[in-house]
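Spelled out, the chains give:
Number of protein chains: 2
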Amino acid sequence: MTAVFNQIAIIGVGLIGGSIARAALESGAAAQVVLFDGDANALKRAGEIGFGKPAASIEQAVSGADAVFHCVPVGAMAATARASIGAMKPGAILTDVGSVKGNIARDWRSLGRADVHVIPGHPVAGTEKSGPDAGFASLFQGRWCILTPEQGGSAEYVAATDRLAAFWTKLGSKVERMDAQRHDLVLAVTSHLPHLIAYNMVATAYDMEAVTEGEVVKFSAAGFRDFTRIAASDPTMWRDVFLNNKEAVLEVLGRFDDDLTALRKAIRNGDGQKLFDVFTHARGIRREIIEAGQDTAAANFGRDKAEE
Amino acid sequence: MTAVFNQIAIIGVGLIGGSIARAALESGAAAQVVLFDGDANALKRAGEIGFGKPAASIEQAVSGADAVFHCVPVGAMAATARASIGAMKPGAILTDVGSVKGNIARDWRSLGRADVHVIPGHPVAGTEKSGPDAGFASLFQGRWCILTPEQGGSAEYVAATDRLAAFWTKLGSKVERMDAQRHDLVLAVTSHLPHLIAYNMVATAYDMEAVTEGEVVKFSAAGFRDFTRIAASDPTMWRDVFLNNKEAVLEVLGRFDDDLTALRKAIRNGDGQKLFDVFTHARGIRREIIEAGQDTAAANFGRDKAEE
Chain P
5 MTAVFNQIAI IGVGLIGGSI ARAALESGAA AQVVLFDGDA NALKRAGEIG FGKPAASIEQ
65 AVSGADAVFH CVPVGAMAAT ARASIGAMKP GAILTDVGSV KGNIARDWRS LGRADVHVIP
125 GHPVAGTEKS GPDAGFASLF QGRWCILTPE QGGSAEYVAA TDRLAAFWTK LGSKVERMDA
185 QRHDLVLAVT SHLPHLIAYN MVATAYDMEA VTEGEVVKFS AAGFRDFTRI AASDPTMWRD
245 VFLNNKEAVL EVLGRFDDDL TALRKAIRNG DGQKLFDVFT HARGIRREII EAGQDTAAAN
305 FGRDKAEE
Chain X
5 MTAVFNQIAI IGVGLIGGSI ARAALESGAA AQVVLFDGDA NALKRAGEIG FGKPAASIEQ
65 AVSGADAVFH CVPVGAMAAT ARASIGAMKP GAILTDVGSV KGNIARDWRS LGRADVHVIP
125 GHPVAGTEKS GPDAGFASLF QGRWCILTPE QGGSAEYVAA TDRLAAFWTK LGSKVERMDA
185 QRHDLVLAVT SHLPHLIAYN MVATAYDMEA VTEGEVVKFS AAGFRDFTRI AASDPTMWRD
245 VFLNNKEAVL EVLGRFDDDL TALRKAIRNG DGQKLFDVFT HARGIRREII EAGQDTAAAN
305 FGRDKAEE
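Going down the list, the sequences are from chains P and X. Using the numbering used here, you'd call the opening residue of the first sequence number 5 and step up by one each time. Using the numbering used here, you'd call the opening residue of the second sequence number 5 and step up by one each time.
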């Protein structure tokens, strides 16, 4: 079993960073993993769990790495790259796992290391948990990993992109290359806006707790429980997503709002046909997603109990 | 094992009706189950599955029953009750499983059978599946069943309510008695609005499919997938919920919309602190729900794979 990379560096040992480290070691995609985290306790814990070798500084962490994975909130990517890019080996890969791709490549390329291959990435995988103990090796199995390399790079850059794709494939991911702007629009629809809506619904409900004397929690039904699970995701990560994917999120939010206004009017006017038509339309995409293998049609998708 | 009811009638043999029939027979809560459905194929299928004895007419179905369960969409409750109440035994219980309680008791009491006990009910349980084949006996295990009996009824009425509560308890439910108006407000928060929002998000995304050339389906991430599952629920049932719980839904929707406008402004203005505060606040209710035993904190709550 040949490793894709002899050594990788993981900057940020939370759910994603920890899972990459563990999956890389278990799959043999990397022979060695060096870790760094600005939070000394998290770094220590990651070393104890066995994610790799903790480094004393971010420069030391990246200095021997063939690929450096920045696994920090989107808003912290610029700082961690700036702090470490000078210590990177010539020909090494600089990549990340952020949910927004937009300008990160441009920012990183402006840091003055033309001999480093900047290849942003986004494994579309995760749970609502955070921290080193949330990481597990199978997180990326069967999930997409989107890479947004620059167009028309050198032969060496293309070869580096292929190596990074091979790494993610070895972790179990399906790899797709995509334009960064398109990535940000697609993810605004499939991930960012649903999270915003879920956070908002849960916050609204929380404020209704007073009105309902605790009965919102007591009788929380399936629809709402799913929202609260989504809204349990890391606030810092999601704050940064919305600050950094502003245009796409506001565009999709505008459409969502127009559609919601139409539904509100239908309810107010007792227009059952409009409601029925929208609900039936929405049902169709579910079938497409199941056919695309992105979810299961099993009655309770593995839950013990079903509920409404 | 003594049956709570010698004979019950199930009007409407879909997910809920079928599950009640099956659970009543398996638990021994009812000695006999008689079925009726306006859809002859569904009725035949329910008989084949073994949900009980299909009746030739709705009158025949209810004539020997100690309790009649109307398990049809909220908008059809008035018609099925009107069609069958004349054939009910004196002292029998007239109940339902609808997600809106509001005026159903008043409507039913106006049908001129003071000798029939009108006790509306709502098992807070279900899946996104519909039809007789979706029914299963354990659907109500550990879930709440809310009864909305009238205040200050006769001793006979109170005894009938106790019998109905005992029936649901035997099916595994936790029974709660509640004022009908409060039920409708609480459920508007915990179930009705989340479904409306999910339907709307999915419809918006579906319309974005053209913009994104199929990539919304291909890269549907966890937040969005949960929404599509919720939005796969029965359109007729949900149309009726929104038509019949208009005031409470519009009230909660108004609050949701105000909160969403504030979030939109925060994104537009780059106000990270506001976003962080709302997200952190929303996270709190998740903990309360888990502490209330309404959901599990397990990383993937039984799913094979975790995803973002």
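Among the clues, some could well be false.
Heads up, the list lumps identical chains together, so a pair's fine if it works in one copy or across two of them.
[Unchecked claim] Subject to a maximum C-alpha distance of 27 angstroms in a straight line, what follows is the list of computed DSSO-like cross-link-like pairs (lysine-lysine):
| no. | residue 1 | residue 2 |
| --- | --- | --- |
| 1 | Lys222 | Lys250 |
| 2 | Lys133 | Lys222 |
| 3 | Lys278 | Lys174 |
| 4 | Lys269 | Lys174 |
| 5 | Lys278 | Lys133 |
If you are wondering where the hints come from, they were derived from the structure by calculation, not from laboratory data.
| said: Of all the hints numbered above, which does this structure not satisfy? Sort the numbers upward. | reply: 3 and 4
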